Every structure is written in C-alpha cells, then in structure tokens.
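*Asks:* Spelled out, the chains give:
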Amino acid sequence: MEIIKNPHIDFLGRAKYFVALSLLLIAAGIFWIASGHLRYGVEFSGGTQLELQFQAAPDVDQIRAAVERVSPGAVIQTYGDAKENKVLVRISQEAPEADLDAPARAVRQALADSYSPNPVTESSSEIVGPVVGAELRQKALLLTVLGLLFQLVYIAARFKGGIWGIGATIAAFHDVLVCLAFLAFFRFEITLNVIAALLTLVGYSVNDTIVIFDRARENMLHRRKDSMAKLLNDSLNQTLTRTIISNGTTFLAVLGLFLFGGEVLRGFGFTMVVGIVVGTYSTLFIAVPLVNWWYARQESNARPARAA
Amino acid sequence: MPPALQNPITLWLLLTAALAGLVYAFMREELRVKAIAYGAFLLACAVAVWPPYERNGTPGKIHLGLDLRGGIHLVMQVVVEDAWNATVDDAVTTARDQATRKGIQIGPVQRATATSFTVEGTEPARVKDMRDLLRDFFRAGWEVRESGEGKFTVEMTDLYQRQLKDQTVQEVIRTLERRVNALGVTEPLIAAQGARGDQILVQLPGVRDVEQAKRIIKTTAQLALKLVETQAASRETLLSGTGGRVADNMEVASGLGDTPGEPVYYLLRKEAMITGRDLKSARVGVDENNRPDIEFSLKATAADKFSRDTGRNIGRQLAIVLDGYVHSAPVIQGRLGADNNRITGRFTTQEADELAKVLKAGALPASLKYQHQLTVGASLGRDSIRDGVRASIAAMAFITIFMLFYYRLSGVNAVVALAANLLILLAAMAYTDATLTLPGIAGIILTVGVGVDTNVLVFERIREELRNGKTVSAAVQNGFERVWVTILDTHATALIAAAFLFQFGTGAIKGFAVTLVIGLVANVFASYFVSKFLFKWVLGKRHVESLSI
Chain A
1 MEIIKNPHID
11 FLGRAKYFVA
21 LSLLLIAAGI
31 FWIASGHLRY
41 GVEFSGGTQL
51 ELQFQAAPDV
61 DQIRAAVERV
71 SPGAVIQTYG
81 DAKENKVLVR
91 ISQEAPEADL
101 DAPARAVRQA
111 LADSYSPNPV
121 TESSSEIVGP
131 VVGAELRQKA
141 LLLTVLGLLF
151 QLVYIAARFK
161 GGIWGIGATI
171 AAFHDVLVCL
181 AFLAFFRFEI
191 TLNVIAALLT
201 LVGYSVNDTI
211 VIFDRARENM
221 LHRRKDSMAK
231 LLNDSLNQTL
241 TRTIISNGTT
251 FLAVLGLFLF
261 GGEVLRGFGF
271 TMVVGIVVGT
281 YSTLFIAVPL
291 VNWWYARQES
301 NARPARAA
Chain B
1 MPPALQNPIT
11 LWLLLTAALA
21 GLVYAFMREE
31 LRVKAIAYGA
41 FLLACAVAVW
51 PPYERNGTPG
61 KIHLGLDLRG
71 GIHLVMQVVV
81 EDAWNATVDD
91 AVTTARDQAT
101 RKGIQIGPVQ
111 RATATSFTVE
121 GTEPARVKDM
131 RDLLRDFFRA
141 GWEVRESGEG
151 KFTVEMTDLY
161 QRQLKDQTVQ
171 EVIRTLERRV
181 NALGVTEPLI
191 AAQGARGDQI
201 LVQLPGVRDV
211 EQAKRIIKTT
221 AQLALKLVET
231 QAASRETLLS
241 GTGGRVADNM
251 EVASGLGDTP
261 GEPVYYLLRK
271 EAMITGRDLK
281 SARVGVDENN
291 RPDIEFSLKA
301 TAADKFSRDT
311 GRNIGRQLAI
321 VLDGYVHSAP
331 VIQGRLGADN
341 NRITGRFTTQ
351 EADELAKVLK
361 AGALPASLKY
371 QHQLTVGASL
381 GRDSIRDGVR
391 ASIAAMAFIT
401 IFMLFYYRLS
411 GVNAVVALAA
421 NLLILLAAMA
431 YTDATLTLPG
441 IAGIILTVGV
451 GVDTNVLVFE
461 RIREELRNGK
471 TVSAAVQNGF
481 ERVWVTILDT
491 HATALIAAAF
501 LFQFGTGAIK
511 GFAVTLVIGL
521 VANVFASYFV
531 SKFLFKWVLG
541 KRHVESLSI
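Sequences listed follow chains A and B, in order. In terms of the numbering used here, the first sequence opens at residue 1 and continues consecutively. In terms of the numbering used here, the second sequence opens at residue 1 and continues consecutively.
Hints are computed from structural coordinates only; laboratory data are not their basis. These numbers come from a predicted model, not from an experiment. Hints are supplied without guarantee of correctness; some may be wrong.
Over 10 Å on every C-beta distance to chain A, these chain B residues come out as not near it, computed from the model [as the list claims (entries may be wrong)]:
no.: 1; residue: Q6
no.: 2; residue: A37
no.: 3; residue: R69
no.: 4; residue: N85
no.: 5; residue: T115
no.: 6; residue: F138
no.: 7; residue: D166
no.: 8; residue: K305
no.: 9; residue: Y325
no.: 10; residue: L380
no.: 11; residue: R386
no.: 12; residue: T490
Below 30 Å or equal to it, Euclidean Cα-Cα: the simulated DSSO-like pairs (lysine-lysine) are [what the hints assert, rightly or not]:
no.: 13; chain 1: B; residue 1: K299; chain 2: B; residue 2: K214
no.: 14; chain 1: A; residue 1: K230; chain 2: A; residue 2: K16
no.: 15; chain 1: B; residue 1: K369; chain 2: A; residue 2: K139
no.: 16; chain 1: A; residue 1: K5; chain 2: B; residue 2: K532
no.: 17; chain 1: B; residue 1: K128; chain 2: B; residue 2: K151
no.: 18; chain 1: A; residue 1: K139; chain 2: B; residue 2: K218
no.: 19; chain 1: B; residue 1: K305; chain 2: A; residue 2: K230
no.: 20; chain 1: B; residue 1: K165; chain 2: A; residue 2: K139
We put the CB at the ideal spot given by N, CA and C, even for glycine.
With the hints as extra help, turn the sequences into a complete structure.
*Replies:* What follows is the structure, given as structure tokens:
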C-alpha cells in the first residue's frame, strides 16, 4: 500500500505564496505578542499557583468570593476532569522573599473559613520568587538561541555550505515564532514544559529538514547535469511519502498527548501539535526554497561573469 | 523466584545461556554472534528494569519524579552575608582582645561592611604595635589597610570571601541532609545550584506534611545559652540605667516571660556559655509539670566548661536563646553536668519534637531565603502519571496498528525495534538512577516518534529500491546503507538540542532531556541495527522474490 504513487508536485514554484503567508503569520504574531498577549506561567512571571482538589463539586463563585477577600485579582478556574473537583488558583501578588508561603496560606485559610462545607482534600502549589522568574526567562532565551546556533554550525559543516545550515535554522526559527504566535492567540501560558516543547520542536524541525537536505546531497552526487531547482524539487517529492508518514504518526502521537495527557501536559501537547505541522510546512516551503534561491542567485551571478 | 535467581547477574547469565542455546539450534552460522550479542544486551536491559514499579514492598527500578509521586521541590538562597558577618564579628572580638592583652589603647572597633571592620583611635605611640598585631593576626585571608590617625581597615580578600561562601553552602547542605534524614524521607536530593553557587535545591519526594518539612528545613536553629544581666517589660526600661546604650559585651533579646502574651526584654551577656555546636544529642522529654521540653547532653569538652561556668553563677538566670528569641530564662540551681539538661519553654509536643530534631542536626551557618517552591499532592501526582501513561499507550497502540497495516510483515520489524528502544530507554534510566518526570513521559512519546521516523526512512528507501528493479536482498542492503548518513545527521542535531535542554538544570525539564538523549541513542541501535538484523534473518540465504513491505 502506498499513499502517493510517484509524486511530481512543484513545491518550489509555489513557495513564494507560502513565504508570503509565513511572513504574514509572523508579523501578526509579533504584533499580537508585542501588544502583551503572551502569558507567562508562574515559573516565569513569579507569584503563586495553587491546584486545589475539593471533596465535592466546587462552586467557583463561592471560591472566588472567599479568595477575593485575601487576594484581590486572583484567577480562579476549574481544571481537568469535571469529576475530579479540581480548581486552579493563580495569585498575582508577589510573594515576599522572607515568607514565600504567605499568599498561599492566606488563600487556604480563607477557603477553610468561608467555604467550609466543601473542604480542600489535597493541594499542590508552585510558588516562585521574583528573582527566579527573571533569571529563568533569560536562560530560556539564551539556551534556545545557543541551541539553534550550534545546530547551524553542525549542518553547515556536514553539508559543506553555510546556506544549508542557515536554511534549516531560519526554518526552525520560523517554527518557534509561529508556535509562539499560536500559543499567544489561543491563550496558552508559556511554562517550562512549553519551553521544553519549543526546544524539542527546534530539534524536530531541523531533523525533518535534514532528511530532505540529505536526499538533495545524494542527488547532487549522481545528477550533476540537472539544475539545482529541479534537483531540490525532486528530493522533496522522493521523500514526500516519508514526510507524510513520519510526521503524520508523530502528529497523532502528540495529538494523543494533547487530548489525553492531562492538564499538566496540555500546553506541551498543544505546542507539539502545532509545531509538527509548522515544522513540516517550513521544511517544504521555507528551508528548501531558501537554499534554492541562494543557488539560483549564485548561478545567475556566475553566468554573466563567464560571458565577459 | 528461587533465591539464586534473585541475583540479577546470575539471572542474566542463565537467560543468556538459554538464548545462546536457541540461537545455535535454530540460527544460521553467520548471524549467531550478532544474535547473541544483541540478545544478551536486551536481556541485560530487561533484568536491569525488573521490577519497574513498586510491588509487594520491593522498590521499583524506575524512580518517579516528584511531579508523579508527590512531594516538595524547594530552591533556596543561602544568605552568605550571614556567614561573612559572623566571621567579621569574631575578628572584631579577636582584635579588641588582643589589643587589650598587649596593653594598646584603642578606640571603637566595629564592623564596617559585611566583609570588613575598622579600628579607630589607636594611641599614636603604639600605632606600629597595633599595625604589627593586626598584620600578624589577619595574615591569611585578610587585608589590613591604614588610613592614618591610628585608623585601620581590615577587609576579607575576595578569595577568602569565596572560600567562606563555598564552605557555608557545603555546611548548609550537610546540615539539611541530617535534618532531612531525621524526617525519614527516602531518596531526597539536596544540592548546590545557580550561577553563583549559592542556591540550594532540595527535593523531598513523597513527603506528606509539607508544612512540617518546610519548618524543619528553614529553622536556622542557632542555640545559645547566655547569662541574663537584667530583664524588663520594655526595651526602654531595660536600657534606662545606661542611657539607652548597650555595652559592647552585652545584647538585647526579646522572649517569653512568666505571663503568657506579655513579651519580656532581656539584657544578655554577648558571649554564650554553650552554643548548638556543643550539643551531643537532643530529644523530646517532659518537665516536672508534664509539659513537653527538650532534653540535651553535651560533648565532653563543652561539659567541663558548662559545669565550671554554671558552678560560678549559681542563683543567676541563664537565658535559652534560639534564633535570637529567648524561650526561657531559668535560674541556675547548681552546677550542671553533661547530661540531663533541659530547654524549657511553652512548647507543644510537636514543636518540642521538631526543635529536638533540628538541634540534633545542628544549626545552619546562614539563613535561607525561599526562591521557588513546588509542592505536589500525592494523589494529584497519581492522576498525572495515569494521564501520561494513558497518552503513551494510546500513542503506542496507534503507531503499532498503523505500522502493521501499512508495512505489513515489515511492520512487525518496526514494532520489535520500538519495543527494544523502550526497553533500552527504561533500563538506562534505571541504571543511571534518572528520575521519570511527566515531561519525561512526553520525551518517551517523542522518542517513539523518532523511532518510527527511522523505520519509515528505511522502509521507504527499500520500497524505492524495489521500484527501481533491485532484488529484495540488494534493496534491503542499499536501503539501510543509504539511510545511515541521514540517521546520523538527524540524531546528531536532535542531540544538540537535547544537550541545551539539559542545561536548564530544572528538575522536570532535565528529566525530559535525559529521556530524549537516552532515547535517541537507543533508537540508533534498535531501529537501525536490530531492524537490519531482523531483515537479514528473515530473508536468509534463500533467493526471496518478494518482500512484505
């Protein structure tokens, strides 16, 4: 059984529309993020997050009334499976370094006092001091950039040409930006898990690009007469079945993670689901066209020189 | 299981021998070495993983991170200034005492910053003597500067500051380890971290009473027994006799008085008769009124001093100061010895119990500031693991069905490779004591994805070769050969990304990076070498006309 028999799709010819689409998406994303729509998780923004499990179905309004008294502006939402009676409380007020626990304790006390018929049976909490959050943000950014840089160097060395490394890196960078735009648009929080997913995507996107680059490298050895454009386009077609099957199965696997992985992994799952689609797309319509454009430019530069 | 098989190495040797027998009976000669080598390796992995989770009291080989089993994760900053301050205070006392001993008249000696102190008003005739004295006593680790008119500034060198910082952090870690042991936590993690190395990470998996654990960790537990000069209801009355000034060798502390709810201020001798360091042991007990107290005994060297000092001060009050707060100030009734000493105060049984624990474990040389605190309830952790496992099984089942459906018999090959990959991954985690976290489970799913990709790459290439009219064995041979470079490059770049994830150092993300790295390496073995072997085995020497792919 085969998905597509001997495909001959002109990917490169249509690349310009997709590049335009990507630029549009990224521009919209940057605008959306710049206008303050990117939400940071508690580990980056600092503050307190409580995960409370109640004995019976929680009444969010009553909980809000109780919490509002000690911690105005707290975000309260139900969470996870409805029958698990879980509520998430985000306290924005900064926890004092001397007593990080104070806001969390106040909320728990307030609930015990004024919402006593339905006691909290178990709670988890994450409390982040202001220093840690800022340090972590910087670290995440630095590590992402360094990770990309090292991959660029590796690919450039393996393919004996900077453009291959640059193509793969720009595609990966594109994926991170588009994912961030999606995360901001769908109001997902940037948590450590999401950062892990983004870094994984960088690896995955580059992985996908390399498979095709590698095929092009092999074709370059055997078919010296063909133009680079034809060679690259053929490489895309030759690996198309693999692209569909591999990315399709991984997509479904992370979709499972997104749907069944529970609340903690939801952000991670979402990032991966979006990222795998975008990663595949960027390989076909960003990385390869970029390499093609570079070689086409070099050819047109070389020709007049030879004529003269 | 018979006792002989309890030993994993014996078990492994037996299983491998059985495998070797089967291989010799049924397998072609040229495949035997590889079959036994691969088989023995996978059996070793299986033995290393068994039993994966806790069963009938035997602990499981796979350690669950605290996001899966509940517990506390704390990041605290050591306030290194505390240690510097204490060292400078000691130096101030030394400088003053030595000057007095040599008969040099000096003005005030006081701490200037956290790492320096000044000596002022040295009598002009003895400036040289004072200079020599300071240079002599503060030779190593200090720098003595002179700014004229008998004024000296003595400052710690940068090196000494760093040394003190490292020492302090190490001592905090050792003290916390002792305290955590007293709590009875299994598999705790206490380690220094952070760019400046002054942060301490404490992970206590499976702890139920979070509040108690935090109290026990954070209490500085600086114990000191000090003689009381006077006591009064307010600071002002206490110091009215001296015009509000506290003498150099005295200090003021507040604390419990005889009537509950009314604080009392004490004027204390600065020099402690006994400190927490002199304690040999401490345990909770009850006083004559059946109220909980803490009974302690002293080390031999301290006991002599204590006995002498108490003998000299019978009838005076001795304040029991814990972290700067006077818990009680009983009157010394007679000469006290090494044992049967009590710290009384208005403690609840739990307070007394916790205090005894921290006193026994020793004081922290510096206070701690919380920076990050994560607590996970045990059943919430169980929910997470259930969700994670459910998602993994769903992903695996789907991939298995798809591979069997799409690649038919060759799909079996891919499924075997995936299973081998997971087995190696789990074994490596068990062997290196890595913890499985929730993102770690996600990492496993991703590894499965990468494993499938490797199989698909190979299978598609074989199909392509077959389409180009190659024979089955040549197609398989070429397929594997051509794909090798691709696999190498893709795995290398993925490893680079994982290496940077590892740099995060944060528990959960690190768990993810660990599974990813191990999974990638395991995948090259399982999806490439094991899969290649399986193809060769099935195809054999016979001339095969068609391949189920």
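*Asks:* Run every hint past the structure and note whether it holds.
*Replies:* A quick look at each hint next to the structure:
1. Q6: holds (37 Å)
2. A37: holds (29 Å)
3. R69: holds (12 Å)
4. N85: holds (17 Å)
5. T115: At about 22 Å from chain A, T115 (chain B) clears the 10 Å cut-off, so the statement holds.
6. F138: F138 (chain B) is indeed farther than 10 Å from all Cβ atoms of chain A, at 34 Å.
7. D166: holds (21 Å)
8. K305: Answer for K305 (chain B): holds, closest chain A Cβ roughly 35 Å.
9. Y325: Y325 (chain B) is indeed farther than 10 Å from all Cβ atoms of chain A, at 16 Å.
10. L380: Its Cβ does come within 10 Å of chain A, the nearest being 5 Å, so this is violated.
11. R386: violated (8 Å)
12. T490: violated (4 Å)
13. B:K299 to B:K214: Measuring from Cα to Cα gives roughly 29 Å; hence the hint holds.
14. A:K230 to A:K16: Holds - the C-alpha atoms of K16 (chain A) and K230 (chain A) are around 16 Å apart, at most 30 Å.
15. B:K369 to A:K139: holds (21 Å)
16. A:K5 to B:K532: holds (26 Å)
17. B:K128 to B:K151: holds (12 Å)
18. A:K139 to B:K218: holds (28 Å)
19. B:K305 to A:K230: violated (93 Å)
20. B:K165 to A:K139: holds (24 Å)
Violated hints for the displayed structure, listed by number in ascending order: 10, 11, 12 and 19.
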